[in-house]
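Enquirer: Each chain is listed here by its residues.
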Amino acid sequence: MSDETDNRQNFDGLYRKTLAPLRRYLSRLLGNTSEAQDVAHDAYIRVYPKVQDQSAKNPQAVLYTTARRLAINRLKRRSIAPIVPGEANLETAAAGTPGVVQQVIARQELRQLEDAIAQLPEGCRAVLLLRKIELLSHYEIGQRLGIAVSTVEKQHARALRLLREALSTGDDSAALIASQTPSHEAQR
Amino acid sequence: MKSFSKYSDPTTDEQASIWAAKLDGSLMSATDRSALDEWLAEHPNHRTLLSRYCQFSADLEQQMPLIEGIRELSAETRKTTATARSFPWLRWPMMAGVALTATAAVALGFWLMRPQHQFKNVATPAAQRQSLTLVDGSQVELNAQTNIQIEIDGKDRRVRLASGEAFFSVHKDPSRPFTVETPAGSVRVTGTKFAVNTESTGVLEVTVLEGSVKTSPGELTGQSTSPVMLKAGDHLVASPSGLVQQKLSEKELSDTLAWRQGQIVFKGTPLREALAKFARYHGRGITASDDVAGMSVGARFSLDDLDGFFDALEAALPVKVTRNSNGTVRVSRRSDP
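The listed protein sequences derive, respectively, from chains U and B. Under the numbering used here, think of the first position of the first sequence as 295, with each following residue one higher. Under the numbering used here, think of the first position of the second sequence as 1441, with each following residue one higher.
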């Protein structure tokens, strides 16, 4: 119990200490403050459990690594955005907060996602988790698992297909993740 | 989702997923790039399908860390042992079943009687407004093209206004403060009536109709200024260039909030800004040429009547309105004969 309190305080301490500099760092990387805010938020969410169970030796370093990788993924997405003009939501893009709508999702939908991930074939799930949770690149995943990058790509793609299928056969709420956001749907 | 499968014969679907995976986690070589371009050019549906897979992949990156058991799943993956004991979710249906048969009616009754929690996303499309009542009894009116997330629990009432404009009649509850967060700052109240607009990037606009609110501009961007207390009739615009606060008359208040009745009031408003309001509401590109953009517009218009607005512009100003085939509209100077 007291351990838990300690960790809680550790996280609060880490949060207070890093929030302003982390945002500044991310603002520089991303070129705008509101996206920096989103990424910082996502990074804290990812680091929180690691501080809780003390699996991170240097939480601050883990936080910055996580934040940097998330920011790079975002920059990457920005650079491929022009290939999908029909799908781009100009209002969301202009507001600089893409994906904000997706951030809050009801617990039962997360459970459906969890179930779907649990049912993925082993190799497929390993690749997906290393990519989305550990934020490793395909190259790094290949090194870690001792497999070719092309195999990593195929497994990642397979995970995307299987999850999309699993989440789209449920009711409307399950389709939320799989079919982007309601706002996109409504605007089409 | 139906529209998703419409495009996907198995091969196309597989190719799209592989491109999405590559774009997400691999370094694309020049060869990859040109192969992708080629594939995209083969059929217009390829682009749509790929774009959805990319969005799905990005959503997963954001959602997966929110799953509480996700790190056990990772650990499991490393150990590669799959026993029921280490798969807690396998036990869920069983436990849920026991609980349900024993106490189904009671639990359901409690659930229905406890309207304390609400997690919900609401988004309005172009040219449509929407009103909703939250579980705490508060009323929210959304202008067109507005996204909000509602998070209400026993201790807190929070609404994230990602973009757009909303009017709140907050049910008084001192034990549960009501906070509206926007990318440009937040507004905190216990019970009152006010509007929040965050249509432009980095700009927060707050109009208070009743009661008082505490506004913290820049709170979420790390450029936080000290909170500003606003009372009934106050209007605040917070932008990166600073704060402008003014007291509105009864008439000005109702003009500012006219969108709630589907109207908009301009008073010496530059044409550029007036067009931007309609463009936003209708989700269409409406622009003015430079030589007319600064002309001022003054009148009350119906937001839904776009043609009526253009007719009025042509009647009142030396401009002509050109409707392009792609849905965009251009307002330029009329060359008088």
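Derived by calculation from the structure, the hints in this document are not laboratory data. Glycine is no exception: its CB is placed at the ideal position from the N, C-alpha and C atoms. Incorrect hints may appear among the rest.
[To be verified] Listed next, the stretches of chain B that the computed footprint assigns to chain U, with coverage defined by at least 3 CB atoms under 8 Å from CB atoms of chain U: (1) 1576 to 1584; (2) 1647 to 1653.
[As the list claims (entries may be wrong)] Keeping only pairs whose Cα atoms sit at most 20 Å apart, straight-line, the calculated SDA-like set for lysine to any residue is: (3) U:Lys448 with B:Asp1449; (4) B:Lys1633 with B:Lys1687; (5) B:Lys1687 with B:Leu1711; (6) B:Lys1707 with B:Pro1680; (7) U:Lys448 with B:Arg1616; (8) U:Lys344 with U:Asn304; (9) U:Lys351 with B:Thr1451; (10) B:Lys1671 with B:Pro1617; (11) U:Lys448 with U:Leu404; (12) U:Lys344 with B:Arg1511; (13) U:Lys448 with B:Asp1472; (14) U:Lys351 with B:Arg1511; (15) U:Lys344 with B:Glu1512.
Enquirer: Any hints this thing doesn't respect? Which numbers, in order?
Expert: 1, 2, 5, 6, 7, 9 and 11
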